[in-house]
Structure formats: structure tokens, C-alpha cells
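> Sequence:
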Amino acid sequence: MIYFNKLVELKSYTAVSEYFGVSQPTISMSVKRLEQEFNVELINRNQAHHQIKVNKYGKILYKHTEIIAEQMAEMKRDMQHNFDQPIRFGLPPIIGNYYFPSLASQLNKSGILTHLDNIEAGSEKLLEQLKNGEIDIALLGSNHPLKNNAIKAKILCENNFKIIVSLNSPLAKLDKIRIADLNNCNFILLSKDFVHTKTLQQLLKMHSVHVNTRYHTQDVELVKRLVSQNVGISFLTSTAITKNDHVVAIPIDDDDLEPFYVSIAYRKSHVLSPQEQELVNILTNSIQTEKKLSE
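If you count the sequence shown from 1, position 287 lands on 327 in this note's numbering, and the numbers rise without skipping.
Quick caveat, the hints were computed from the structure, so don't treat them as lab data. Don't take each hint at face value.
Restricting the straight-line Cα-Cα distance to at most 25 Å, the calculated cross-link-like pairs of lysine to any residue (SDA-like) are [as the list claims (entries may be wrong)]:
1. 238 to 191
2. 245 to 193
3. 232 to 153
4. 72 to 102
5. 194 to 252
6. 238 to 161
7. 238 to 200
8. 232 to 213
9. 165 to 150
10. 165 to 99
11. 216 to 108
12. 171 to 145
13. 232 to 128
14. 171 to 149
15. 232 to 309
16. 93 to 71
17. 171 to 271
18. 216 to 171
19. 187 to 208
20. 99 to 160
21. 165 to 55
22. 194 to 160
23. 238 to 314
24. 192 to 72
25. 187 to 283
26. 96 to 83
27. 165 to 233
28. 194 to 245
29. 283 to 173
30. 192 to 153
31. 245 to 314
32. 165 to 143
33. 216 to 294
34. 171 to 314
Quick list of simulated restraints, FRET-style, between CB atoms [said to hold, decoys possible]:
35. 79 to 185: 25 to 31 Å
36. 291 to 99: 24 to 30 Å
37. 198 to 270: 41 to 47 Å
38. 107 to 231: 17 to 23 Å
39. 160 to 312: 19 to 25 Å
Predicted model only: the values in this text are computed from it and were never measured. Every residue, glycine too, gets a C-beta built ideally from N, C-alpha and C.
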């Protein structure tokens with residue numbers, strides 16, 4: 041299967057044999073065995089150009105071998121994974137700023153803190169890195185419960201999205217606001233790999249609302265500072281907003297707005313080391329306990 045997968049990609053028996061360090065007859069016999077097993081021809085050989093062309097049956101099989109090749113690569117990474125290596129841990133800035141300071145002392149006592157290799161990015165980007173095996177565990181934010189065949193995710197808490205405005209904004213007097221009320225407002229937004237931006241764009245599209253984006257940034261603190269200076273308004277989860285930000289957080293009164301979910305996630309195929317399992321336990325217990333105390 042793996043030989044066939046690479047043959048489709050490289051279109052050359054010579055290139056595949058060199059790639060795997062085996063003889064060309066080995067590759068040829070592997071393809072013939074597949075053709076015999078499925079009782080179909082998989083490729084049309086163009087002898088004039090010494091290349092192969094995949095037929096419709098070969099294309100079907102190739103789609104399956106892509107999945108197998110990806111799983112094989114992931115298995116290889118996991119088998120070679122040294123449990124003493126740093127824990128590749130994805131941490132979005134907003135979630136990290138709110139939860140990580142209180143978690144640090146527990147992680148330090150357990151000896152895990154020094155083993156963390158933190159990768160910071162928006163949750164959308166971290167989810168892709170998790171799927172691709174670039175990181176092993178992540179705290180992720182989402183506007184819906186995470187469901188993926190390759191990912192195991194557990195919701196730890198839920199928080200509300202809010203519109204933040206400066207103290208001097210006319211909107212600051214409102215007790216609540218609807219998305220429809222935001223037409224033509226000036227916005228300071230997080231970058232596109234943040235769940236916040238994706239969620240807001242979905243809401244604006246659903247309600248046929250147009251806004252003016254004045255600035256994009258990955259810096260949450262900069263978003264709040266610009267809002268406090270009345271450069272624009274923004275859309276943030278309540279976890280990102282503190283009393284020292286000099287902004288007003290207005291609840292959003294729309295039934296179609298789901299909460300901001302914080303989940304712990306890792307690949308189903310990844311075997312957690314003892315330290316990784318302890319990290320998952322500490323994050324789960326601490327965040328769930330903190331959420332209960334704040335209610």
C-alpha cells in the first residue's frame with residue numbers, strides 16, 4: 041500500500057525504489073499483488089515516457105492509501121517519541137493569559153512546568169497543528185463542541201462572548217446589544233486564526249451586518265488598549281476582559297450565539313506519557329474548579 045501511494049505521487053518506479061531503498065522489481069511485485077487482491081488493474085503504464093498513469097481504480101485506492109500513509113507517519117512519530125522529551129503544548133494567548141498564571145504553581149510542584157514546550161497561536165491554527173502531529177496536547181477555544189475523528193476533546197468550561205467598547209463610547213450606556221446593532225461600526229479584531237474573529241464573521245454574515253475593520257492583531261492586550269482609546273470596538277470572550285482594561289463589556293442578546301468553549305484536546309492515536317497524563321489531569325481539575333468558584 042505504501043509503495044503504491046508513493047508510486048502515484050512520484051509516477052516513477054525508479055524514483056520509488058530509490059526513495060525506499062529497494063529494488064524496482066520489489067515495487068512492481070507489490071503493485072501486481074494489489075491488482076491481484078482487488079482483481080482490477082490500478083495503473084496504465086506509459087512505456088514511451090517511462091511513467092505511470094493511474095486509472096479510476098488506482099485513484100480510488102490512492103485515496104485510501106493517503107489515509108494509511110498519514111497514519112503510518114503518525115505511528116512512526118509516536119514510536120520514536122521519547123517520554124523524556126519536552127511536552128509540545130498548544131496554548132492560545134487568551135486562554136493562556138487567563139488560566140495559566142494560576143496553573144503555573146501546580147505545574148511547577150509536579151515538575152511538569154520545566155518540561156513544557158509552549159506553542160502559542162490562535163485555536164484554529166493550533167487545532168491544525170494538533171491534527172498534523174506538530175503538537176501533542178492543547179487547550180483550545182471554539183464556538184462549538186470539538187468533534188473530529190482524529191481528536192479526543194473534553195470541554196472544561198464555557199464563557200460568553202461580549203462586545204467591548206471604550207468608557208466614552210455612546211454604546212457604553214447599553215445593558216445589552218444585538219449583532220444587528222453593530223452595522224457600520226469600526227472594529228479592532230484579532231487575527232483570522234482566532235476563534236473570536238471566525239465567530240464574529242459568521243454572526244455578521246447570518247445577520248447581514250457590515251462592519252469596518254480598522255486593525256487586525258494577534259495581541260489581545262493591544263486590542264483592548266485600542267478599544268480603550270476609542271479607535272474601535274471589539275468582540276472578545278469574557279475570559280479576556282479584566283477590570284483594569286478600562287473598557288465596558290456589553291452582553292450580546294442574540295439566541296444564535298453559542299458560548300466560547302475551552303477544551304483540552306489531543307490526538308486519539310497519541311499515547312500519553314505519564315507526565316502528559318498528569319498535565320491533562322491538572323488542567324482539567326484546575327479549570328473546572330476555577331469555573332465553579334466563579335459562578
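> All hints, please: hold or fail.
Evaluated hints:
1. 238 to 191: 21 Å, holds
2. 245 to 193: 28 Å, violated
3. 232 to 153: Not OK: residue 232 and residue 153 at ~29 Å, beyond 25 Å, violated.
4. 72 to 102: With a Cα-Cα distance of about 15 Å, the restraint between residue 72 and residue 102 holds, given a limit of 25 Å.
5. 194 to 252: 36 Å, violated
6. 238 to 161: 14 Å, holds
7. 238 to 200: OK: residue 238 and residue 200 at ~15 Å, within 25 Å.
8. 232 to 213: Answer violated: residue 232 to residue 213 is near 30 Å, above 25 Å.
9. 165 to 150: 29 Å, violated
10. 165 to 99: 30 Å, violated
11. 216 to 108: Not satisfied, since the Cα-Cα distance of roughly 51 Å exceeds 25 Å.
12. 171 to 145: 29 Å, violated
13. 232 to 128: Given that 25 Å is the threshold and the Cα spacing comes to 23 Å, the pair holds.
14. 171 to 149: 30 Å, violated
15. 232 to 309: 29 Å, violated
16. 93 to 71: 13 Å, holds
17. 171 to 271: 37 Å, violated
18. 216 to 171: Violated, because 38 Å separates the two Cα atoms, which is more than 25 Å.
19. 187 to 208: Violated, at about 41 Å.
20. 99 to 160: 38 Å, violated
21. 165 to 55: Violated: residue 165 and residue 55 sit about 34 Å apart, past 25 Å.
22. 194 to 160: Holds, at about 20 Å.
23. 238 to 314: 35 Å, violated
24. 192 to 72: 38 Å, violated
25. 187 to 283: Violated, because 34 Å separates the two Cα atoms, which is more than 25 Å.
26. 96 to 83: 9 Å, holds
27. 165 to 233: Distance of about 6 Å is within 25 Å: holds.
28. 194 to 245: Cα-Cα ~29 Å, so violated.
29. 283 to 173: Between residue 283 and residue 173 the Cα gap is close to 38 Å, so the pair fails against 25 Å, i.e. violated.
30. 192 to 153: 23 Å, holds
31. 245 to 314: 45 Å, violated
32. 165 to 143: 23 Å, holds
33. 216 to 294: Since the Cα atoms of residue 216 and residue 294 sit roughly 10 Å apart, the hinted pair holds (cutoff 25 Å).
34. 171 to 314: 21 Å, holds
35. 79 to 185: 25 to 31 Å: 43 Å, violated
36. 291 to 99: 24 to 30 Å: Distance hint for residue 291, residue 99 is violated at roughly 52 Å.
37. 198 to 270: 41 to 47 Å: About 30 Å separates the Cβ atoms of residue 198 and residue 270, which means 41 to 47 Å is violated.
38. 107 to 231: 17 to 23 Å: Given a distance of about 31 Å, which is not inside 17 to 23 Å, the answer is violated.
39. 160 to 312: 19 to 25 Å: 22 Å, holds
Of the numbered hints listed earlier, those contradicted by the structure are 2, 3, 5, 8, 9, 10, 11, 12, 14, 15, 17, 18, 19, 20, 21, 23, 24, 25, 28, 29, 31, 35, 36, 37 and 38.
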